[in-house]
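K.L.:
Below are the chains, spelled out letter by letter.
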Amino acid sequence: MRSSSFISHFWHYFLSFVLIAFTTAIFFALRDALDTTLVALLYLIPLGMITAFWGFGPGITSALVTFLTFNYFFIEPYYTFTVHRATDVVILVVFLVVAVVISQLVGRALAGLAAATAREREATQLYELSTALAGLHNDHAIAEILARQVQEVSQGETVELNITGAETFAFRLPESATPHRPPEWVIPMQVARGALGEIRLWRAAPALTSSEKRLLQTFASQGALALERARLAQAESRARVLEESDRLKSAILSSVSHELRTPLSTIKAAASSLRSNEVSWDSPVRPELIAAIDDEADHLNMLVGNLLDMSRIESGALKPKREWNILPEIVGSVLARMKHLAGEHRLEVDVPESLPLVPVDYVQMEQVFTNLVSNSVKYAPEKTVIRVRAFVEGELIHVLVSNQGPQVPQEHLDRIFDKFYRITAADRVTGTGLGLSICKGIIEAHGGRIWAENLHDGLAFNFTLPLIWEGTPPPQLPMDTETE
Amino acid sequence: MNNAPHILVIDDELQIQRAIRTILTEKGFRVTTASRGEEGLTLAATNEPDIVILDLGLPDMDGVEVCIRLREWTQCPIIILSVRDSERDKVAALDKGADDYLTKPFGIEELLARVRVALRHSAGKQGTQSKVIKAGPLTIDLAWHIVKRGDQEIKLTATEYKLLAYLAANHGRVLTHQSILTHVWDPADANHTEYLRVYMRQLRKKLEIDPERPQYILTEPGIGYRFIADE
Numbered sequence: 001m002r003s004s005s006f007i008s009h010f011w012h013y014f015l016s017f018v019l020i021a022f023t024t025a026i027f028f029a030l031r032d033a034l035d036t037t038l039v040a041l042l043y044l045i046p047l048g049m050i051t052a053f054w055g056f057g058p059g060i061t062s063a064l065v066t067f068l069t070f071n072y073f074f075i076e077p078y079y080t081f082t083v084h085r086a087t088d089v090v091i092l093v094v095f096l097v098v099a100v101v102i103s104q105l106v107g108r109a110l111a112g113l114a115a116a117t118a119r120e121r122e123a124t125q126l127y128e129l130s131t132a133l134a135g136l137h138n139d140h141a142i143a144e145i146l147a148r149q150v151q152e153v154s155q156g157e158t159v160e161l162n163i164t165g166a167e168t169f170a171f172r173l174p175e176s177a178t179p180h181r182p183p184e185w186v187i188p189m190q191v192a193r194g195a196l197g198e199i200r201l202w203r204a205a206p207a208l209t210s211s212e213k214r215l216l217q218t219f220a221s222q223g224a225l226a227l228e229r230a231r232l233a234q235a236e237s238r239a240r241v242l243e244e245s246d247r248l249k250s251a252i253l254s255s256v257s258h259e260l261r262t263p264l265s266t267i268k269a270a271a272s273s274l275r276s277n278e279v280s281w282d283s284p285v286r287p288e289l290i291a292a293i294d295d296e297a298d299h300l301n302m303l304v305g306n307l308l309d310m311s312r313i314e315s316g317a318l319k320p321k322r323e324w325n326i327l328p329e330i331v332g333s334v335l336a337r338m339k340h341l342a343g344e345h346r347l348e349v350d351v352p353e354s355l356p357l358v359p360v361d362y363v364q365m366e367q368v369f370t371n372l373v374s375n376s377v378k379y380a381p382e383k384t385v386i387r388v389r390a391f392v393e394g395e396l397i398h399v400l401v402s403n404q405g406p407q408v409p410q411e412h413l414d415r416i417f418d419k420f421y422r423i424t425a426a427d428r429v430t431g432t433g434l435g436l437s438i439c440k441g442i443i444e445a446h447g448g449r450i451w452a453e454n455l456h457d458g459l460a461f462n463f464t465l466p467l468i469w470e471g472t473p474p475p476q477l478p479m480d481t482e483t484e
Numbered sequence: 001m002n003n004a005p006h007i008l009v010i011d012d013e014l015q016i017q018r019a020i021r022t023i024l025t026e027k028g029f030r031v032t033t034a035s036r037g038e039e040g041l042t043l044a045a046t047n048e049p050d051i052v053i054l055d056l057g058l059p060d061m062d063g064v065e066v067c068i069r070l071r072e073w074t075q076c077p078i079i080i081l082s083v084r085d086s087e088r089d090k091v092a093a094l095d096k097g098a099d100d101y102l103t104k105p106f107g108i109e110e111l112l113a114r115v116r117v118a119l120r121h122s123a124g125k126q127g128t129q130s131k132v133i134k135a136g137p138l139t140i141d142l143a144w145h146i147v148k149r150g151d152q153e154i155k156l157t158a159t160e161y162k163l164l165a166y167l168a169a170n171h172g173r174v175l176t177h178q179s180i181l182t183h184v185w186d187p188a189d190a191n192h193t194e195y196l197r198v199y200m201r202q203l204r205k206k207l208e209i210d211p212e213r214p215q216y217i218l219t220e221p222g223i224g225y226r227f228i229a230d231e
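Sequence order for the protein chains is A and B.
Residue numbering for the first sequence follows this note's numbering, starting at 1 and increasing by one per position.
Residue numbering for the second sequence follows this note's numbering, starting at 1 and increasing by one per position.
So that you can see chain B by itself, here it is in the shape it has in the complex (with noise of 0.2 Å):
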């Protein structure tokens, strides 16, 4: 045994399984493979891995119900596979506890990037999660509420800083627009994406170079955003 972080990959399709253990494996990670619900939750069960990595479209149950049956037990990472054009699914499975997701065909690069956002948020659970945010030329201090482009402070309301906090503690991480209307807002504010709409494009505007174009904040289309911050 080694200590190399630990990935279950739930897949029924083959080559899906083939070419990730390939590429993972290359990259260090121990791999272990299910290709059926019920066969990716004894294994899980029985390895504890470090991340799941779970396809939403498995052949013998739905894969939002794996993630609910996951979240019962295990906080570990889950990020999810699926096809495009399944938003309300991903989003289903997001807010059932899954971590982030990945769309179907993905470049490796994208897929490696995930895994490493999951590690240091599982890492980040266990207390060692940091309290300034890095990000280009922004710096987001957590503790201080103090937000910076190079020395610069920028004036943010109540609002628009607890959007951005929320968005850099979780960088890296998609959050969807339910997650971050009920924890900014109010839970019984959690329909009305026109706020974080309205909110998100001010604020994009005091921090990003070119509004049109963010390069920290980014739109997931039909699911949330996901704050870009250096590694």
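In isolation and in its complexed conformation, chain A is listed as follows (with noise of 0.2 Å):
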């Protein structure tokens, strides 16, 4: 870069000089025709054109070289530099004057050009960076982009960006370069708040220009500035997910206190009367009250475990332990379980004996399934079907629990996994309102989707579970059949 600026300064003058004795030749050649005076006037031309094309310095010096041939070869006594006659020496000081005051016109008039082209590339350069940098909330990304104009700009050999906060990381352009020295220059990466970062420069030759340094250092600001609102940014999101989950924590605890006093208020109401005197020792309604309040244990203790399941669920520390299980076992033993609170409905199961084993968690399975059919069960009128039915689809296996239960408006069918959500006025069904949100916490964290659609008669819930568990099938058991 150096010497090649070097050798076109070179060209400039010698061109210059060129040009001046190609005209002074001319000049010579005529100068029987021409007066002196009208030489003195023509030489202004070439002069003008050396300023013009190549600037001052060459102009200048232009001047000079043309004022002395001047005097050597036009003013008499011929090639000599003295000068006899009073009009000569006004011309040759006229002269003078004018070709230094021309090359210095328009000398001044070129660099004032420059100057405005190097300010123009300059605002668009910063508005290239100023856009590129626009909308990014990354500081990688944010990192590279400053990294890539600062090198274009500076042409410098390494430029690396250190960026500091949260995370501390360096990016280096090219990424390859492991430079051995320290770099030349370094540029702070400051906001009002500190330092972010700085701009390191490995460019040991030319030093840079007092305007490349104004523009790295516009640069280096608009990068920290970028860098403050990409954190500014996550900083917001962050305090809106805790205002989201701040929001939420209200509200499971409004409805879960009002959930909780139910049972509490039965067991209270009980265990008062049993303690005081108003209920005598053979009263037919001493294993009610006795009952009343195991029952309602059972109940408080299963909204416990609801919350609690979906606070596990939240900060993802539900992890199934997944083994490979029978399915009509889980549902059998769901089913068993639950007939006596299905009271008048009559429960249908299709789940076949012969459905490959499925890599589930069985605690977390069964719960899906109780939560499932207790939900139909709460729904659905008395006297009404509520049916089971598995299938493999595929690598899958379907699952359907559907009732002859009221529809859900099709805009709803999404929401009712979501949690607290209830289609019907929350004190006519108890329940903390959780029991779809789990069930769809535990059927995801197997890599399954739960959905629920209408039928014509009723509500199925549907889900899917994934067959294939760490890239393997569902192993097949040798049995051994010999007896004993």
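There's no promise every hint is true.
Simulated pairs of lysine to aspartate or glutamate, EDC-like, Cα-Cα distance not exceeding 16 Å [as the list claims (entries may be wrong)]: (1) A:K249 <-> A:E314; (2) B:K96 <-> B:D60; (3) B:K206 <-> B:D151; (4) A:K339 <-> B:E212; (5) A:K321 <-> B:E87; (6) A:K319 <-> B:D89; (7) A:K321 <-> B:E220; (8) A:K339 <-> B:D141; (9) B:K206 <-> B:E153; (10) B:K205 <-> A:E353; (11) A:K321 <-> B:E194; (12) A:K319 <-> B:E87; (13) B:K155 <-> B:D141; (14) A:K321 <-> B:D89; (15) B:K104 <-> A:E314; (16) B:K104 <-> A:D298.
Since the hints were made in silico from the structure, they are not lab data.
Put the two chains together into one complex, using the hints given.
P.N.:
Below you can see the structure in the form of structure tokens.
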């Protein structure tokens, strides 16, 4: 870069001299026909051209050289630098002054133009940088773009960005570079709250010009602003998440304290009446009250269990302990346990023994079936059928729990798996409103999908689970058939 | 001093301590209580209780750790108490030597049933174990390898019999998947719960009246199985 600029300077001077020599030769040939003042005027033409084309330096040098050649070749006595006539002295002086003034004026105009062009280029680069940085919310992306722009502008050997903050890292361009000396230039990236990092530039020569320095500093502060903006945006979204979870927690608290109070009231009433002398020892009410305490304590335990499950799902702590299980066994044990709860509902099961083993957490799967069936029991009218069906669908197992209860408006079908979502008035049906969202949490933790659909005569919960677990299909066991 | 069995309760919740103490004393047991793990270990060493009831969530040390330290010198039955949803802890404690578990909140019949089973098994370790187990209409003769319903002999495969014999010999006690797999199959198969699931289903079909609602071989979800015999 440096040598090329030197050559171009040399070349400009050389061309200037050639041009002067050429015009001098022409004037010299026509010397007898031309008047001395005319020659002086004509000399101004190449001088103006030289300054316009090649700048102030060659211009002023050419003006001095021309002054000498003019004196030497065209003012009598020829071939000397002496001047005899007073008019010639005036001509020479006027020529010199005019030549110098012209080259200065033209040169200044050119320099002004160059500065304007440079400023425009800077403005364009800055604009490009800020456009590229706009909307970026990631420190790494910001660092990369900034490093590329700095590299393009500075033409340095290596550019490195050290970003400090929650995550401190360095981004280097070219990425394979490993400079063995400290950087020549270090530009801090600062915002009002302090330094967010620095730009390190390896460029041995030429030294940064003041406009380059200014530009890089502007780049650094643009980068710092972008980083700060990104961090503020992150902080804001964190705050929003917190706010959301806070809102959820207060919803949980209000719903839960209501739900917990119902069994508690029963227990309190039953226990206090047993304790007082209101109920005699042989009263038939006595065993009823005791049974109520026992049942309601179980109910309370179930509610607390649901809450615990939900909080585990929320915090991602619900990790299924997957094993190859027999689906009919799980369904069978759940339905057997729920038979007394199902009351007047008819339970129909179509979960064939021939189904392959399923890779699920036994306890969690029991919970899914319990919640789906008990939801059906709650909402479907008595004496209707609740049906559990399972079949293989490619590499999935598809399970359907359907009931003949009320349909759910199409737009609410997805939302019934949301926490605390209820279609009917909250006081008609008891429960925390968490059952279905727990199912969703468990099924999704198993890599499956759960959804609800309206049937012509009711509602169906569907879920699918992958049969392939860690790349292995369900095992076929070698059974011994020989008896003892 | 009387000869009533001595039970050590290690639980940091005073309400639970009080409830267990009241009921067990009422049933004629001698009861000592401790609220911390270290205190419990000291009391166990000085009093040599017949049964230890141990809560897994102690303030000063892990309940599983207490189990391990107790098992270094005593074979007395350990019944662990824990809250729901801590199957992993329960299984860990059972595999480290605990005999049985109860999930809080528990009914008092369950507690008494566990205590009875624990006492019977600790007596059994001293050589009075019965060789014929009866469960409803079922008779399992461990000496002659014969399983009958009423007078009818039930044909079992070798593995099925091994499985049933192990469960029946430990009737009343919970057996973890791992302990069954290591005992009936091979220590190398300890993770193949699918073997257990499949054979258990077969076995239930042969033994139970309604395999969906087993009366004799109960599933302890996430933990293992328990065989219920006549007392």
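K.L.:
Are the hints correct? Go through all of them and say.
P.N.:
Results for each hint:
1. A:K249 <-> A:E314: Between K249 of chain A and E314 of chain A the Cα gap is close to 11 Å, so the pair holds against 16 Å.
2. B:K96 <-> B:D60: violated (19 Å)
3. B:K206 <-> B:D151: With Cα atoms ~15 Å apart, K206 of chain B and D151 of chain B stay inside 16 Å; holds.
4. A:K339 <-> B:E212: Between K339 of chain A and E212 of chain B the Cα gap is close to 12 Å, so the pair holds against 16 Å.
5. A:K321 <-> B:E87: The hint holds at about 10 Å.
6. A:K319 <-> B:D89: holds (14 Å)
7. A:K321 <-> B:E220: Holds, at about 15 Å.
8. A:K339 <-> B:D141: Violated: K339 of chain A and D141 of chain B sit about 34 Å apart, past 16 Å.
9. B:K206 <-> B:E153: holds (11 Å)
10. B:K205 <-> A:E353: The given pair, whose Cα atoms are some 12 Å apart, holds under the 16 Å limit.
11. A:K321 <-> B:E194: holds (13 Å)
12. A:K319 <-> B:E87: Answer holds: K319 of chain A to E87 of chain B is near 12 Å, not above 16 Å.
13. B:K155 <-> B:D141: Holds: K155 of chain B and D141 of chain B sit about 13 Å apart, inside 16 Å.
14. A:K321 <-> B:D89: Since the Cα atoms of K321 of chain A and D89 of chain B sit roughly 13 Å apart, the hinted pair holds (cutoff 16 Å).
15. B:K104 <-> A:E314: It is violated: about 23 Å lies between the C-alpha atoms, which goes past 16 Å.
16. B:K104 <-> A:D298: Cα-Cα ~11 Å, so holds.
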